[in-house]
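For the sequence shown, full-length UniProt numbering gives the first residue as 1, with consecutive numbering after it.
No lab work stands behind these hints, which were simulated from the structure alone.
Quick reminder that beta carbons are idealized off the backbone N, C-alpha and C, glycines included.
Hints may be right or wrong, so weigh each one.
To be verified - Cross-link-like lysine-lysine pairs, in silico, DSS-like; alpha carbons within 27 Å at most:
hint : residue 1 : residue 2
1    : Lys132    : Lys360
2    : Lys285    : Lys191
3    : Lys132    : Lys285
4    : Lys360    : Lys340
5    : Lys285    : Lys255
6    : Lys255    : Lys211
7    : Lys162    : Lys357
8    : Lys313    : Lys255
9    : Lys162    : Lys132
10   : Lys19     : Lys255
11   : Lys191    : Lys242
Said to hold, decoys possible - Pairwise CB distance ranges (calculated):
hint : residue 1 : residue 2 : range
12   : Gln266    : Gly109    : 33 to 41 Å
13   : Lys211    : Asp73     : 48 to 56 Å
14   : Leu13     : Glu224    : 23 to 31 Å
15   : Glu146    : Tyr18     : 28 to 36 Å
16   : Arg9      : Lys76     : 30 to 38 Å
17   : Asn61     : Asn264    : 48 to 56 Å
18   : Lys309    : Gly193    : 19 to 27 Å
19   : Pro270    : Glu22     : 25 to 33 Å
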Amino acid sequence: MGTYDFTTRPNRLSQFTYKWQETESNPDLLQMWVADMDFLPHPDIQAAILSYAKEHVFGYNYFPDSLYQSVIDWEKAEHGYEISKEDIVFIEGVVPSISIAIQAFTEKGDAVLINSPVYYPFARTIKLNERKLIENSLQIVDGRFEIDFAQLEKELVENDVKLYVLCSPHNPGGRVWSQEDLYKIGQICQKHGVILVSDEIHQDLALYGNKHHSFNTVDDSFKEFTIILGSATKTFNIAGTKNSFAIIQNEKLRKAFQRQQLANNQHEVPTIGMVATEAAFKHGKAWLEEFKSLVEENIDLVVAELESKTKIKVMKPEGTYLVWLDFSAYGIAQPDLDAKLRKEAKVVLNDGAHFGKEGKYFARLNVATPKATVEEALNRIISVFGD
Numbered sequence: 001m002g003t004y005d006f007t008t009r010p011n012r013l014s015q016f017t018y019k020w021q022e023t024e025s026n027p028d029l030l031q032m033w034v035a036d037m038d039f040l041p042h043p044d045i046q047a048a049i050l051s052y053a054k055e056h057v058f059g060y061n062y063f064p065d066s067l068y069q070s071v072i073d074w075e076k077a078e079h080g081y082e083i084s085k086e087d088i089v090f091i092e093g094v095v096p097s098i099s100i101a102i103q104a105f106t107e108k109g110d111a112v113l114i115n116s117p118v119y120y121p122f123a124r125t126i127k128l129n130e131r132k133l134i135e136n137s138l139q140i141v142d143g144r145f146e147i148d149f150a151q152l153e154k155e156l157v158e159n160d161v162k163l164y165v166l167c168s169p170h171n172p173g174g175r176v177w178s179q180e181d182l183y184k185i186g187q188i189c190q191k192h193g194v195i196l197v198s199d200e201i202h203q204d205l206a207l208y209g210n211k212h213h214s215f216n217t218v219d220d221s222f223k224e225f226t227i228i229l230g231s232a233t234k235t236f237n238i239a240g241t242k243n244s245f246a247i248i249q250n251e252k253l254r255k256a257f258q259r260q261q262l263a264n265n266q267h268e269v270p271t272i273g274m275v276a277t278e279a280a281f282k283h284g285k286a287w288l289e290e291f292k293s294l295v296e297e298n299i300d301l302v303v304a305e306l307e308s309k310t311k312i313k314v315m316k317p318e319g320t321y322l323v324w325l326d327f328s329a330y331g332i333a334q335p336d337l338d339a340k341l342r343k344e345a346k347v348v349l350n351d352g353a354h355f356g357k358e359g360k361y362f363a364r365l366n367v368a369t370p371k372a373t374v375e376e377a378l379n380r381i382i383s384v385f386g387d
């Protein structure tokens, strides 16, 4: 029995919860999609927020040294990444940071590259900022995503790509990129003068002994052209508190990022986000280890059940709590696949096609929920797709 409660699923209905909103009007639907967790909050984070509510006036804030230090200490202890206060830029979210980077380092019409399939706000953000979207297709090799580096370099050069947005660890495939992979990416970017934005929001969720390598730790020279994006929000389920950070060690890039941030009036972060982040990084380590053990158990259950009882292929993630499911054996493409899951299985997963054209036969399953909920979801899916 662990220290923390990972068996209770809180009632999130009527709490303005995006993930469970549809269930409020359709109680039969089981929500297994949006990448947040169905667990009680970390007690120390909850206590820090309650203390803030009791003791503070809700006015404008500044960033305290203790917040910076919590990030510095976490990055060093967990990822061997040594940074200074000056390297850190706080902002309300990772996706807004991607927008700022696109605006700061490219012009309208410039090419921006992503690896596809990938978290769908990447493509949306590039398009809405009127940049040219370049989708470098990931390859499935031995049940996991791989980068075709020759094709990657070809697409960077042919399209005169200015900015590359990398998802590391990868969402939705759960790939924890190796040092060798990251080094190859860095060398290609260096060679062709491409700025890299590395979304590392899932950095703390490497599983099964896999190790996340923050991009700038792979080679010291990479810090000259890279913006690292991180946050406590995905790790500790505090996305609603709105705080993340960019680590930008090149002073010229950092100043350009901050100038655009100010132009957008995105230089402020809610105090509640600062409080939650600091508490998470100071007190969350033991909770995180228990959580990851549960996630591994849930993933193992998904693999065992679906691969033995259905034709669904499971891409077993090396990190994250998200599982990429391949329904191609059934010949049902999106959006019909999503409709079948909703109407017949009564399970809501993420539509794989939203992540890119490569996802039309896929769906993404979120296992950051009590084991009993995962079992219920699997039973429903198997009842419809079982052999």
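Here's how the hints hold up against the structure:
In summary, the hint linking Lys132 to Lys360 is supported, as the alpha carbons are separated by about 22 Å, within the 27 Å threshold. Our distance criterion of 27 Å between C-alpha atoms is broken by Lys285 and Lys191, whose separation comes to about 38 Å. The straight-line distance between the Cα atoms of Lys132 and Lys285 is roughly 41 Å, outside the 27 Å bound, and the hint therefore fails. Taken as a hint, the Lys360 and Lys340 pair is honoured in the structure, with Cα atoms around 14 Å apart against an allowance of 27 Å.
Among the hinted pairs, Lys285 with Lys255 is inconsistent with the structure: their alpha-carbon atoms are about 32 Å apart, more than 27 Å. With a C-alpha separation of about 31 Å, the suggested pairing of Lys255 with Lys211 is violated against the 27 Å cut-off. Proximity of Lys162 to Lys357 is assessed by CA-CA distance (about 23 Å); at most 27 Å being required, the pair is judged to hold. A C-alpha spacing of about 46 Å is found between Lys313 and Lys255, which places the hinted pair above 27 Å, so the restraint is violated.
Restraint check for Lys162 and Lys132: satisfied, since their Cα atoms lie roughly 10 Å apart, inside the 27 Å limit. A threshold of 27 Å between alpha carbons decides the hint, and for Lys19 with Lys255 the separation of about 36 Å lies outside it, so the pair is violated. Between Lys191 and Lys242 the alpha-carbon distance is near 36 Å, which puts this suggested pair outside the 27 Å criterion. At about 23 Å, the CB distance of Gln266 to Gly109 disagrees with the hint of 33 to 41 Å.
Distance hint check for Lys211 and Asp73: the Cβ-Cβ separation is about 19 Å, which falls outside the suggested range of 48 to 56 Å. Hint check: Leu13 to Glu224, Cβ distance near 49 Å, so the stated range 23 to 31 Å is violated. Look at Glu146 against Tyr18: about 33 Å separates their beta carbons, and that is inside 28 to 36 Å. Range check, Arg9 to Lys76: about 35 Å between beta-carbon atoms, so the 30 to 38 Å window is met.
Taking 48 to 56 Å as the suggested C-beta distance range, the pair Asn61 and Asn264 does not conform, at roughly 19 Å. In this structure the hint that Lys309 and Gly193 lie 19 to 27 Å apart at CB is violated, the actual value being about 51 Å. Between Pro270 and Glu22 the C-beta distance comes to about 27 Å, which sits within the given range of 25 to 33 Å.
Hint violations for this structure: numbers 2, 3, 5, 6, 8, 10, 11, 12, 13, 14, 17, 18, all remaining hints satisfied.
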